[in-house]
Amino acid sequence: MKTILDVRNLSKRFEDTQVLNDITFQVGEGEFIAIMGPSGSGKSTLLYCISGMDRPTSGSVLFSGRDIAELDDEKMSEIRLNQMGFIFQHSYLLKNLSVRDNIVLPGFKSGKRPREEVNQDAHALMEKTGIANVAEYDIKKISGGQLQRAAICRALINRPDVLFGDEPTGALNSGASKEVMDIINKINGEGKTVILVTHDAKVAARADRVVFLMDGDIHDQLTLGKYDGSETESRREKRLSEWLEAQGF
Amino acid sequence: MFSACLAVVSAVMAVQTVTSISELYKTAQPPHFVQMHKGEIDLQEIDAFLSEQESVTFRQIVTMVDVDGGSLSVAGNGSAYDLSDCRLDIGLVKQNETRDLLLNSEHEKVVVHSGEMGIPVLLKEMYGMEIGDRVTLASNGVRKEFVIKEFILDAMMNSTMTSSTRILLSDEDFELLEGRIGENEYLIEAYFTDAKEAPDFQTVYENAGLPQNGQAVTYSIIFLLSALTDIITIFVLLLAGILLTAVSFISIRFTIMTALEEDLGEIGTMKAIGFPFHEIRVLYLQKYRVLALAGVITGYALAFLIGGIFSNHIRTTFGNTEMPALAMALSLAVAGLVFLLIDHYCKKVLKRIKRITVVDALVRGIRSDKGKGGVRDGLHRSRKLPVNWLMGIREVFHQFRNWAVVFTVVFIAVMMILVPVNLLNTFEAPEFITYMGSSLEDILIEVENGENLEVGYAKAKQILEQDGAVERYHEYRRVRARTANREGTLLNLHIDCGDNAGNELQYLSGRAPERENEIALSYLNAMETGKDAGDALILLFNGSVKEFVISGIYQDVTSGGYTAKSKYNFPGLASVKYTFSVDLIDPDIAEEKAAEWSALLGAGVTADPMEEFIGQTLGGVVKQLQTIVSATVMIGAFLAMLITVLFLKLRLARDMQEIAVLKAIGFSEKDVRKQYLIKAGCVSAVGILAWIFLTGVLGGRIVNGALSFAGLGIRRVELIADPVIGYIVCPLLLLALILFATRVVAGAIKKYDITSMINE
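Top line first, the protein sequences correspond to chains A and B.
Residue numbering for the first sequence is 1 to 249, as defined by my numbering.
Residue numbering for the second sequence is 1 to 760, as defined by my numbering.
Among the clues, some could well be false.
[Claimed, not checked] Examples of chain B residues toward chain A, derived with CB under 7 Å:
no., residue
1, 23
2, 206
3, 210
4, 290
5, 379
6, 385
7, 664
[Unchecked claim] Stretch by stretch, here's where chain B covers chain A in the computed footprint (C-beta under 8 Å, at least three residues):
no., stretch
8, 24 to 30
9, 48 to 62
10, 86 to 98
[Said to hold, decoys possible] Restraint ranges, calculated between C-beta atoms of paired labels, are given here:
no., chain 1, residue 1, chain 2, residue 2, range
11, B, 653, A, 26, 37 to 43 Å
12, A, 8, B, 747, 31 to 37 Å
13, A, 190, B, 274, 57 to 63 Å
14, A, 217, B, 732, 56 to 62 Å
15, A, 217, B, 657, 30 to 36 Å
For the record, the hints were derived by calculation from the structure and aren't laboratory data.
Where a beta carbon is used, it is the ideal one built from N, C-alpha and C, also for glycine.
Given the sequences, and given the hints that come with them, work out the whole structure.
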């Protein structure tokens, strides 16, 4: 498996607090990684550093062989626009745009395809995630689950290489959470790399590999293997729970 | 603070102007009625007539020796020049005994000794003369040297808009020069118990067949011409003051809204623990009251500091007077009013606290201005427009309310800049003369009444006929007929007749006379007679009666504002004055030609290039306006920038999360900055365009309202905008300043960190 993300000796310090401490790990193309850990362990900070949204204090983050920690704002923005997709705990859609406009926006900004094609892609994504019926809606008028699906569509509109998620189901109820995770697994099944931060074992159980962070260090990693739906979720969850318990989580 | 400052400055100036003029008039005592006369005169006959008039309480005949500007040369401070380019008629006089006195800046009667001269402040301003400068008078073979001893305030002739000015000599020098250097001109002055009796007296005087081949001026015209410059200044300052108050209200609203938003949690907590609405409001109100009070006090102090710049003209023209108690009281009242207005407005805005519920504030974190219009689906339909433009324009047009502050401020700033700029331009434009009752031409020749009126007329006509440089000319003959006023009393009407009479003037109603039975009346005459366009007007002349139809009403400040125009030639009626308006083939040689003709035509006839005439007539107004305009332009531009900066800072704080999202999905800092520049630019452009669209209507109305209020005989002025300055330079400059401010503020985006903004 080809490495898409190579994190080497990454450290992050906020004034007097060392948040990440000399972290090294790799992510293969098409892999689904879940990052877990207790509050304050640095998992979100790690996600932001490896996705170029924050800069590490030291170390390097090689994304497709390029050290993104060294890139200026323009170049980093271009990578975020065309090669990375993000989903946050809250959808963070732009409130002045409709659902569909929010989704096509990065596609229009990228300008790599004709706008007509972007619109078609957006429609296809909405169909796939089941929100095509609310395409022209004001985002204030749709449910949390629909918002998060719209956020996924937006993250995928430029066909990114990696999809990053920071607690993407954190604000959803269990039903909506399951629907969103099904979509993410489907996307991963199509070959997209997924890296999520979560504290929810049910979500992490869908990942190929779980990285457990404690006090800014990678404490341990658990390989669960590809989630293909055939293995019952409860078995994966049980395995993960036992492992997490062993980590003291 | 600015608004308090400007409001106070205008109040102080208004009171100061009126009180300064009144103070000056109290000591100088200018006549209630003056009839100028040039040439032979029977002083005893006039004196006898005046003594017979019961209404006249005091009378005097002042002798003035007319000198040509060219015969006065000034040397001082390394420079030497003569006054040949002075359009004003210069007269040498001696000091009067008790009335119509020439005063110094301290309002004391000026006494000059032999060899000394008192120069009017008008000439001092025009030529930059200094005390101690040497003046040489050389005329008709007489040569005499003088030293400028004092600059004098001439209550009657202190405006460039009057046609004459007086230089004071000692009694000995005056006696020595009288009859040797120039023609005598007499000022027949009368005083009444009430200055309002002057117009009636004028009719009686004219009908008595007494000497009158010069201008007749009444007290009210003297007063108004003197104050015009300052009235305009006050008007511009008042306008700026009102607009600034509007801007300050916008700023207050903005500041309070920001504070409420920031303190949402605290407000919620206070409400939760049982603080009633009015107590929470008082907490905020006290803070804003203290700030408003500080602003008003600072503004008040500042007003007295900068007021000096604006009231300089008052001091120069009307002398130094103590700050009148009324000005102090009025300015205090104005400052107090500004404070009360701000206080009231704060209370109104703070009512929002009432609408914030504990749950909204603490649990949902809902802002006090929730619900900002709907969202329109449509971005996806765009095919070509770059995304940053798309985002910027969509927000401006769909969420205009969010940007209403910038729109309003730009609109007000453009108004603050363009109304004074256009007003200044109007005063500087040659067309302005047509608002004043004069037609627009290259050279104006006036043959004043005198014994040689007909000779002068014939001579002027001959020159014009023979001079190849003349493209065309129109001649007007002024006659005097009588008509009845509102009360039925007969009054004299000065009618300019000629083929072109009344053309090229600005009509308030109706049009220029076209047929021989038509007559156009000046605004003041229309008021006097109570007539309007279309009414019939009966004229009495040569013992006969003739009915005319009033074709239109025009505005006029010439000849005291009481004139009329007709195509009818009034055969058999004696001429009072002749005027030629001349257009040259090459207008550039107007000055040269006017000088040439002046020399040929001699005394009693003036030939003035129009541009110079306007320049000298309105020079004072223009100069004063320039100061005011620069100040308001700077204040306007500064305000637009200041409010834009304040607004954008708040906007950015509010948009922090949205900016973070944009950055997270791939927009660079440059993109986000560009979007703000587009938003600010579009809103400003809309504000500017809105103003330009309204400028013709509103700008003109504001100015006309003020002019009408001033009661000068000008009631309507269409602002003459310089399209390059008004529609290109000023708007672009303002736009550039706003974009610059936006760029500077939006630079802060660089410091925004996506992760902390997202997690806010």
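**Request:** Check whether three or more residues of the stretch 24 to 30 of chain A sit with their beta carbon closer than 8 Å to a beta carbon of chain B.
**Result:** Not satisfied, violated; 0 residues make the cut.
**Request:** Using Cβ atoms only, decide whether residue 664 of chain B comes closer than 7 Å to chain A, and label the hint accordingly.
**Result:** Constraint on residue 664 of chain B satisfied, holds at 5 Å.
**Message:** Just to be careful: measuring from the Cβ of residue 23 of chain B to every Cβ in chain A, is the smallest value less than 7 Å?
**Reply:** Nearest chain A Cβ about 63 Å off; hint violated.
**Pairwise beta carbon distance, residue 217 of chain A to residue 657 of chain B, judged against the given window 30 to 36 Å** = Holds, since residue 217 of chain A and residue 657 of chain B (Cβ atoms, about 31 Å apart) stay within the stated range.
**Request:** So, residue 206 of chain B near chain A? Judge it on the closest CB pair being under 7 Å.
**Result:** The hint is violated - residue 206 of chain B has no Cβ within 7 Å of chain A, the shortest such distance being about 75 Å.
**Asked** Taking a Cβ-Cβ distance under 8 Å as contact, does the stretch 86 to 98 of chain A have three or more residues in contact with chain B?
**Response** The restraint on the stretch 86 to 98 of chain A holds, since 9 of its residues have a Cβ under 8 Å from chain B and three suffice.
**Annotated coverage of the stretch 48 to 62 of chain A by chain B, confirmed only when three residues or more have a Cβ within 8 Å** = holds (count 3)
**Prompt:** At the C-beta level, are residue 217 of chain A and residue 732 of chain B separated by a distance inside 56 to 62 Å?
**Reply:** holds, 59 Å
**Request:** Would you settle whether the hint for residue 210 of chain B is holds or violated, based on the nearest Cβ-Cβ distance to chain A being less than 7 Å?
**Result:** violated, 81 Å
**Prompt:** Between residue 190 of chain A and residue 274 of chain B, does the beta-carbon spacing fit 57 to 63 Å?
**Reply:** holds, 58 Å
**Request:** Answer holds if the nearest beta-carbon of chain A is closer than 7 Å to that of residue 385 of chain B; otherwise answer violated.
**Result:** Residue 385 of chain B check fails; min Cβ-Cβ to chain A is 9 Å, beyond 7 Å.
**Request:** Could you say whether the range 37 to 43 Å given as a hint is met by the Cβ separation of residue 653 of chain B and residue 26 of chain A?
**Result:** holds, 40 Å
The structure fails hints 1, 2, 3, 4, 6, 8 (numbered hints given earlier, in ascending order).
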